[in-house]
Structures are given as structure tokens and as C-alpha cells.
Amino acid sequence: MTTTSVDVLVIGGGATGAAALYDLARRGVRALLVDQLDFTTGTSGRYHGLLHSGGRYAGRDLETARECIVENRVLRRIVPFAVEDTGGLFVATPADPADFPARWLDGCAKAGIPTEALSAAQARAEEPALTPAITAVYRVPDGSVDSFDMIHGFVEAARDLGSDAWIYQQVTGLLREGDAVVGATLQDTRSGEERTVRAACVLNATGPWAGVVAQLAGLDVSVKFDRGAMIAMNTRWVNTVVNRLRPASDGDILVPVGTVCVLGTTSVHTDAPDDYRVEAWEVSKILAEADVVVPGIRFGRALRAWAGVRPLYEPPEAGNADAQGRDVARTFSVLDHAARDGVRGLVTVTGGKLTTCRLMAEKAVDAVCAQLGISAPCTTADEVLPLPAATAGRYHRLDHRLHKLEHGEMPGELICECEMVTRPQLEAAITAYGDQPVALDDLRRDLRLGMGPCQAGFCSVRAAGILQAVKGQASAEATAALSAFVDERFRGVRPLLWGHQLRQLYLDELIYRRTLGLDRLPGEGIPQATIAAPGEEAAHG
Amino acid sequence: MAEKRKAGRCTIDPHAGRGTDVIVIGAGLAGLLAAVHAVKAGARVRLIANGWGQQIVSPGWISVCDRADDDVIAEVRGYAALHPDHPYALAGLDALVCALDLFQDIAEEIGEPVVMRPRDGHNLRLPTMLGAIQTPLLAPAGIAAGDLTGVNGPVLIVGFAGWRDFYPALVAGNLSAQGIAARALTVTLPAGRGSWDDWPADLARRFDDSAFRAAVLRQIQPQIRDAVKVGFPAVLGMEGHAEVLREFEAGLGCPVFEIPTLPPSPAGTRLSNGLRRWLLRHRARAQIGHAVVRGIVENGRCTGVEVGALGHTNPFYADAFILATGGLYNGGIQSDETGRLWEPIFGFPVSGPQSEGREGWYQERLLAEDGHPIHRHAGLRVNAQMQPLDAEGAPVLANVFAAGHLLAGFNPLTDGCAEGVALATAYKAVCAAFAARA
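In order, the protein sequence lines correspond to chains X and F. For what it's worth, the working numbering labels the leading residue of the first sequence as 18, then goes sequentially. For what it's worth, the working numbering labels the leading residue of the second sequence as 160, then goes sequentially.
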């Protein structure tokens with residue numbers, strides 16, 4: 018078993034962990050980040066893509082609203098490559114409480130969120146899909162943010178400063194020496210290899226898993242799990258973020274992200290940090306509510322549904338132990354276990370929003386530095402991050418692919434027609450993994466493979482054939498990769514099977530069962546390892 | 160009944176449909192065979208369809224009872240006896256046998272490229288583009304030549320560099336793992352338009368050019384060695400398909416076969432075009448690309464259908480109607496987010512899985528062993544005359560007969576009988592339509 022020593026071990030490759038890794042590196046602290054899966058596979062990837070103005074919290078949770086508007090401006094400044102300035106609208110309809118807009122405006126003013134009243138006609142000139150039945154509408158500085166780009170931006174900037182990040186490393190234990198945590202044991206979730214990391218301090222930035230990790234040190238952190246479902250529609254129904262102007266409720270946001278429009282969300286209390294179910298009533302509810310602001314959208318084509326688990330944490334002293342869902346504040350908590358539990362060397366950060374990830378990281382790293390006696394201040398709010406190499410090719414964005422294809426700037430055959438992925442791109446992405454195992458789902462996150470309307474019906478077997486050729490695999494191995502991808506894609510589309518998407522999946526099933534005979538090959542029936550939990554991301558609908 | 164069995168073959172009474180106007184709705188396998196049957200029985204036939212049916216996206220072979228290891232019809236008989244609601248049981252075994260005869264006869268009439276090759280009542284063993292083995296009863300000659308019954312190899316699988324829809328090493332590796340020695344060969348296609356999105360039909364049309372295919376053939380000849388058969392993706396010519404097969408067999412000195420690739424399927428396209436031309440030659444009308452929007456019903460009978468046009472509809476009248484609009488895939492059955500299922504033309508009652516809303520339509524995995532309940536249970540319930548039934552089990556309309564995938568009671572994706580059911584029920588629906596007139 019190999020042992021590595023670092024100053025700080027950050028657990029969790031979501032937005033907060035990645036921002037903390039970067040923050041530590043800027044303060045001159047050598048840190049290592051580990052994640053049990055890939056970056057962005059947890060809550061940070063399973064969201065709707067909304068860069069909050071804070072307007073959504075102005076009615077009820079002013080602290081979160083203030084944090085959001087400040088951090089909204091910071092993220093626009095430091096990770097411009099990950100943000101689309103869509104702007105946002107808050108739209109009230111006759112179905113919404115008439116007294117709410119006044120209260121909401123007051124909250125926005127107190128939180129420092131700029132609002133601009135529009136007439137219904139102005140709003141509909143900008144967004145023609147909006148309902149004519151608008152009783153009030155205001156503009157706010159919402160946006161959409163690609164968490165994949167942002168997180169890779171943080172990680173690569175940290176690497177440039179001498180820190181590192183390892184993925185597919187599960188923390189199996191925290192090392193205790195007396196009343197101090199001095200590191201962790203890890204296991205590679207793919208190869209099974211075990212190793213030890215010794216660290217002067219461990220930062221637990223694992224979102225909904227924070228309680229599980231704290232428990233490894235015998236500490237009690239009770240995180241509540243709140244599941245939210247989202248649906249990606251196959252076109253950008255709106256180009257502006259649209260919020261319902263009413264007390265936060267199910268199904269009141271529409272976010273244009275890349276080529277799709279994401280509808281969200283629900284709030285369901287659950288008992289597990291990885292309960293990613295999407296129930297039929299959630300789909301119906303989200304579509305019905307979205308249809309109130311954008312009439313007809315419920316008859317549009319829904320591509321994929323997914324759920325994320327929000328970690329909700331309220332300190333026991335808040336005396337709000339029974340609160341659930343939207344009643345729990347969306348602000349975040351930093352737990353310094355030295356002060357809280359008398360255990361040095363461990364800090365937990367949980368709760369919060371993706372929009373406030375940098376601030377969460379700042380406060381958590383302040384606590385870490387206090388324990389280590391480091392006085393360097395946080396400087397992450399000022400410096401613009403360089404465009405990360407992982408996204409420099411922008412392969413996971415559609416952008417100009419069609420133009421390039423048609424003008425000979427993207428040679429090779431089109432393997433995934435929906436998302437315009439070519440054979441040379443696929444070959445390069447496979448080669449980039451070197452000797453590491455490659456799942457077709459990894460290529461999906463790299464290239465958008467199989468994320469369009471057909472959900473991989475056509476490209477999956479092509480990609481399996483190319484994977485086999487590049488890796489020199491046996492056919493059985495490529496077939497198993499295909500089979501795993503079929504299962505993964507089906508999970509996200511299963512809640513949406515009616516009408517057009519039902520027909521699409523009939524065609525996909527016809528291809529797999531009849532044209533390919535995939536279900537007739539040995540080994541197909543073996544369920545895939547559960548570690549293949551899909552990293553879903555709004556920007557990757 | 161219009162059919163009479165003669166020396167083990169079915170013949171159609173050429174007068175059974177005399178003086179009858181028949182409208183067939185749908186141009187899938189069921190609609191096309193129903194139209195052919197009605198024409199052969201002397202009826203005046205109009206086929207109206209929104210588009211081609213599922214044969215365009217299917218591999219091109221005819222699945223009747225894929226699971227049968229032995230005599231296929233005997234296996235179907237046993238299965239039908241145990242499953243009285245299955246369309247095979249409702250249509251009857253005679254209808255299946257006669258339908259298969261009629262289908263093979265008509266394929267022969269149309270000509271070489273669509274001639275169906277059976278294997279003495281047993282299923283074929285055909286390799287897929289993944290190297291799995293499928294076991295349909297019939298297939299177009301080029302595909303049926305891939306029958307692996309009694310073949311241990313070596314089989315040579317040929318693919319084309321730079322064509323996205325076929326991976327010979329994937330096929331060969333999986334075949335070898337099942338005990339059929341196979342090796343892969345990749346050859347280069349002559350420089351042409353060089354497209355990044357060549358579909359199977361695009362490539363098939365390039366093979367119609369003799370210089371093009373000669374350049375491909377030259378590369379394979381030195382690599383033949385001990386191969387007992389040579390397999391290609393199913394793109395060996397569109398109109399010139401039979402000639403390509405002949406040339407390749409002569410040039411390679413061994414049987415040559417095709418392996419179906421991703422949709423759309425050249426085999427299905429050839430068959431559809433062939434049947435349409437046959438119908439037109441026999442004075443049937445064929446309006447493909449025209450949607451029937453509703454039936455005109457008076458006193459328990461259908462008198463006509465309204466066909467969509469620009470801003471209005473046109474009525475067409477007939478004595479009998481064959482509804483073969485397909486299932487959930489082709490639009491004969493519609494579904495929505497609330498779990499409602501409906502038949503859009505006549506509003507016939509549609510049965511579905513016994514579950515609340517959409518709960519229970521799908522299993523957890525796409526390739527779950529028994530398939531998804533929605534595909535088995537969604538559809539029309541019919542009697543032995545193929546008449547759609549109401550909740551009490553009585554026929555809804557006296558002169559409308561349903562056939563093909565809009566029937567409930569079978570799963571076309573998992574039961575291995577997709578084409579068999581389409582053919583048998585179409586055949587039976589036409590017989591019943593004439594019997595009701597008599």
C-alpha cells in the first residue's frame with residue numbers, strides 16, 4: 018500500500034471541493050482532492066444549470082439571496098468560460114398569489130438584487146413562448162453555468178499551482194491519532210488498489226455524503242437529503258431563465274442550457290444520499306407547472322430526466338430539527354470539528370448552492386487554515402481563471418459543430434448524429450485515457466456522445482466498434498461496454514416514455530434486440546457494477 | 160373463407176372480392192400484404208398510408224417464431240393453443256400458413272432481390288452486425304445466404320474503411336466466441352463523394368455501379384483463403400442487388416451474404432418499393448404520404464375515411480376497411496404523459512397494461528428478459544374475424560378489420576414473431592372482410 022503525504026486532503030470532486038482545492042493552492046497550501054467517481058458526478062452535476070441571481074430566495078431566505086447575488090457576480094468574473102449570460106425573468110401569472118410580487122421586490126431590494134419591471138408585452142417580445150397571461154414580470158441577473166467547465170477550471174488552475182486531484186478513489190477510512198484526524202485510506206473503485214494519504218488536515222466537501230464521511234471519524238453530522246427532479250426538453254424553448262414569481266414550489270424554473278431547456282424541480286425528502294429516482298408524479302408536476310408559463314411545453318419532446326440530492330444542513334442549535342425540504346435554509350455550514358467535537362484535523366462543509374460554491378470553499382478553507390496556523394487570505398474572488406484544457410476543445414458543447422462539419426473543418430464520419438461527434442474525435446478521446454479503462458459513458462461526458470433525441474440508439478454500437486478497434490479489445494469486452502451504455506442511457510429516459518420518446522425507445526430497442534441481437538449474446542444479462550452511477554449534468558442534458 | 164388449400168399450398172379464390180371496394184390503411188407489412196391479398200381476390204383496392212411501416216427500420220427478415228428449434232409451424236401451433244389471446248391464436252394457423260405462402264409467391268413475382276429463402280420449415284441461423292445469431296424463418300436471398308446452420312467456418316466478414324455502420328472485427332470476434340470460426344477484413348472503398356453521413360442506402364446505390372464494386376471485389380479476392388462464406392454489410396446494391404450478389408459469388412468462388420445494419424434497411428426499402436409497384440401494376444391505388452385522419456361511421460358501419468390534405472380533408476368511400484396503421488411505433492396507437500392510450504382514426508377502445516397511469520409500462524432495464532408490458536398489452540382487442548371489440552367483447556364496426564402491430568396480445572420486440580403476426584392477421588382480416596360481404 019503506497020502512502021502519500023500532503024498538507025490538506027480535500028474529499029469530494031464537486032463544485033465546493035474543486036473550489037477549495039483551488040483556494041488552498043492560491044494560499045500556498047499543497048492539497049490533494051479525491052472523488053469516489055469522476056468530477057461533477059454528484060449534486061454539482063445533477064442540477065439544472067442555473068446561476069442564481071438570488072431572486073429565488075428573496076421571498077424567504079435573505080441570507081442565501083445575498084450570498085447568491087454576490088457570488089453570481091464573482092463567478093461571472095472568474096470563470097467567464099463556464100457562464101452564459103442568459104439573464105432571468107420572474108413571471109407572475111393569475112395562478113400565483115397577487116400579494117407576492119411586492120414582498121419579493123422588497124426582499125430583492127434588501128438582498129441587493131437589481132430588478133427591472135417589464136411590461137407583459139416587452140417580456141413576450143423577448144421571449145415569445147411566454148404565456149400572454151402575465152400579471153407581473155421582472156428582469157434579474159440570472160444566468161446559466163456549466164459546472165463541468167467550472168470544476169475543470171478550478172482543478173486545472175490548482176494543478177498549475179502544484180496541487181493534484183485523483184478520481185475514482187473512495188475514502189474507506191479516516192486515520193485517527195488520538196483526538197486528531199491525520200489522513201485517510203483510499204480504494205480505487207475500478208482497480209481495487211488501496212493507498213493511504215497522510216494530511217495535516219482533511220476537508221470533507223462531500224455534499225450529501227458529508228455525514229457518511231464524518232462518521233468515518235466517529236463524528237455525527239446529520240445531513241438531510243432532499244431530492245429534486247429535472248427534465249431536459251430537446252430545444253431551447255426560452256433563451257432567458259424563467260422563474261415563477263411565487264413562493265418557491267415544485268416546477269417553477271426553466272433554464273436554457275446549451276441546446277436544451279431544463280425544467281425543474283421538485284423537493285422530496287429521502288433517506289439516501291444517492292437516491293436518484295424520478296417518479297411519474299414529479300414528471301407530470303414539472304411539465305404541468307412549466308406549461309403554465311410556457312403554454313404547450315408539456316407536449317414538447319422531453320429527452321431525459323434526472324434527479325439530484327441536495328444536502329440540507331441546519332446546525333442543531335438552530336432548533337429547526339423537524340424542518341424538511343424548502344423549509345430548510347439553502348445557506349451552507351462550515352463545521353470546524355476541533356471547536357465542535359474536539360477532533361482536530363477535520364473540517365466539514367455542506368449545504369449551500371452551486372452558485373455559492375466559491376464562497377463555501379473560502380469559508381471552509383479559512384477554517385482549515387486556522388487549524389494549520391496559516392494566515393494567507395483568500396484571493397479566489399479576484400483572479401480570472403484560464404480556460405481549462407479539458408474544455409479547450411469545447412467538445413462537450415455543440416457550438417459550431419454543424420458549421421465545421423459542413424465546411425470540412427471537422428473531418429471523418431459522423432458517429433453520433435444528434436450531437437455531431439465524429440470518428441476522429443472519438444478516437445482521440447479514447448486514446449487520451451491511455452491504459453485506463455474507458456466506458457462509453459466516459460466518452461459521453463467528454464464528447465456529448467449519445468445525449469441527443471435518440472439517446473444512443475444509433476451511435477452506441479458504432480462507438481463500441483471504434484472502442485474495440487482503438488483499444489484492441491475482444492468483441493466480448495466491447496459488447497459489455499455497449500450493454501452498460503444501453504443500461505445507463507435507459508435510466509434517464511425511462512421516466513419520459515410516452516408519445517415521441519416512447520417511439521424513439523421502441524426504435525432503439527428494435528435495433529438492440531433485433532438488428533444487433535444484443536440480448537442474445539452471453540454476459541448481456543449481468544447487471545453493471547453500481548459504481549457506474551451516471552454523472553448527469555444540465556449542460557450535458 | 161377465401162382461401163382453399165391445394166396440395167399443401169394456399170390459393171386465393173380470384174372472385175372472392177369481386178365487386179368489393181376495399182380501403183387498406185397503412186403500408187407496413189400487414190397493410191401491403193392485405194392489399195395484395197385483396198387484389199388477388201378481385202377487389203378494387205386503395206391503399207392509403209401516412210408513410211412506410213416498420214419494415215423500413217427492421218433488419219429485413221421474417222420472424223415467425225424465432226424460438227422454434229424444430230418445425231416452426233408446429234411450435235406456433237403449440238404456442239397458440241396455450242395463448243388464446245395471442246394474434247396467432249385469433250387468426251388461426253391456416254391464416255399463417257397461407258399468408259407465408261402468399262408472401263413468398265408475391266416476392267417471387269416481384270423478382271430476385273426480394274425472393275424469400277426458407278430452410279424447409281426450420282428457422283435460419285443468421286449473424287447480426289454484432290455477431291449474435293438470430294433465427295427468423297425467412298429472409299431475402301442475400302441475407303438468407305448467411306445461414307450458419309451446420310457451418311463451423313471459417314467465415315470471412317468484410318467491412319469498409321471509413322464507413323460508420325459496420326465493424327467486421329466486432330462481428331467476427333463474437334461469432335468465434337460462439338464456435339463459428341470467423342475473421343475480419345477491412346477493405347477500402349473507391350474514392351467518391353466521401354461523405355461523413357453515408358446511410359446504408361447511400362452505399363447500396365454506389366454498389367449499383369459496376370466499376371465501384373469491381374474495385375471492392377479485387378481487394379477481397381486475394382484474402383479469401385479457406386473461407387466457406389463471405390459476409391458483407393447489407394448494402395450490396397439497391398436496384399442492382401441481384402447482379403452484385405451474382406458477381407461477388409462468381410468472383411469469390413463461394414457463397415456471399417449480407418448482414419443487416421442500422422436502419423433504414425435497404426432490404427426493407429427494396430421490398431416496400433417492389434410491393435408498391437406490384438400493386439400499381441395490378442390497378443390498385445397506393446397513396447403513400449397521405450394521413451387518414453378519421454373514419455366516417457353510420458349505423459355501425461364505416462362508409463369512408465377522411466384523408467388529410469392542405470387545409471381540408473378528402474373523403475374516400477369503400478365497402479370494407481383494413482386498419483393496419485401499426486402500433487405505438489408507427490402511430491396506430493398513441494400515448495400521452497398521463498398514461499392514456501388511444502387509436503386515432505376510429506377511436507377504437509385500446510387496452511393496455513393493468514396499471515395506474517404510466518407506472519408499470521416499462522421494466523427497469525431496456526433489455527429486460529420478458530420485454531416491457533406496454534409493448535405486449537397496448538393495442539386493440541379483436542375477435543377471430545379481426546374485428547376490433549368494445550369493452551363487452553362485441554365488434555364495434557361490422558366492416559372494419561384490424562391487422563398487424565396495432566393488435567394487443569404480443570410483443571413484437573421479444574416474442575420473435577413480429578412479421579409472422581403482421582402477415583397472418585392481414586391475411587385473415589381480408590378473408591373476414593370478404594366473408595362478411597358474402
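Careful: at least some of the hints might be erroneous.
Label-pair ranges, simulated between beta-carbon atoms [stated by the list, open to error]: (1) 514/F x 302/X: 15 to 21 Å; (2) 444/X x 276/F: 48 to 54 Å; (3) 467/F x 292/X: 53 to 59 Å.
Which stretches of chain F does chain X cover? Using the computed rule of at least three CB atoms under 8 Å from a CB of chain X, they are [claimed, not checked]: (4) 183–196; (5) 519–528.
If you want a taste of the chain F side facing chain X, the calculated C-beta under 10 Å gives, among others [stated by the list, open to error]: (6) 327; (7) 331; (8) 346; (9) 357; (10) 379; (11) 489; (12) 496; (13) 535; (14) 536.
Keep in mind the hints are simulated off the structure, nothing from the lab. A virtual CB, placed ideally from N, CA and C, is assigned to each residue, including glycine.
Checked hints:
1. Distance hint for residue 514/F and residue 302/X: a CB-CB separation of about 19 Å, consistent with the stated range 15 to 21 Å.
2. Between residue 444/X and residue 276/F the beta carbon distance is about 39 Å. The supplied range of 48 to 54 Å is therefore violated.
3. With their beta carbons about 47 Å apart, residue 467/F and residue 292/X fall outside the hinted range of 53 to 59 Å.
4. Only when three residues or more bring their CB closer than 8 Å to a CB of chain X does the claim for the stretch 183–196 of chain F stand; here the count is 0, and the claim is violated.
5. Counting residues of the stretch 519–528 of chain F whose C-beta lies closer than 8 Å to any C-beta of chain X gives 7; at least three are required, and the coverage claim holds.
6. A hinted interface residue such as residue 327/F counts as satisfied when its beta carbon comes closer than 10 Å to some beta carbon of chain X; here the least separation is about 9 Å, so the hint holds.
7. For residue 331/F, the suggested interface contact is upheld, since its CB lies about 7 Å from the closest CB of chain X, less than 10 Å.
8. Below 10 Å, beta-carbon pairs count as interface contacts, and residue 346/F has none with chain X, the closest being about 15 Å; its hint is therefore violated.
9. Given hint, residue 357/F at the interface with chain X, holds; its Cβ is 7 Å from that chain's nearest Cβ, closer than 10 Å.
10. A distance limit of 10 Å between C-beta atoms decides the matter here; for residue 379/F the minimum to chain X is near 20 Å, and the interface restraint is violated.
11. Because the smallest distance between the Cβ of residue 489/F and any Cβ of chain X comes to about 8 Å, under 10 Å, the interface hint for this residue holds.
12. Taking 10 Å as the C-beta contact cut-off toward chain X, the hint placing residue 496/F at the interface holds, the least distance being around 5 Å.
13. Among the interface hints, the one on residue 535/F is violated; its C-beta lies about 13 Å from the nearest C-beta in chain X, farther than the 10 Å criterion.
14. Proximity of residue 536/F to chain X is violated relative to the hint, the smallest CB-CB distance being about 14 Å (cut-off 10 Å).
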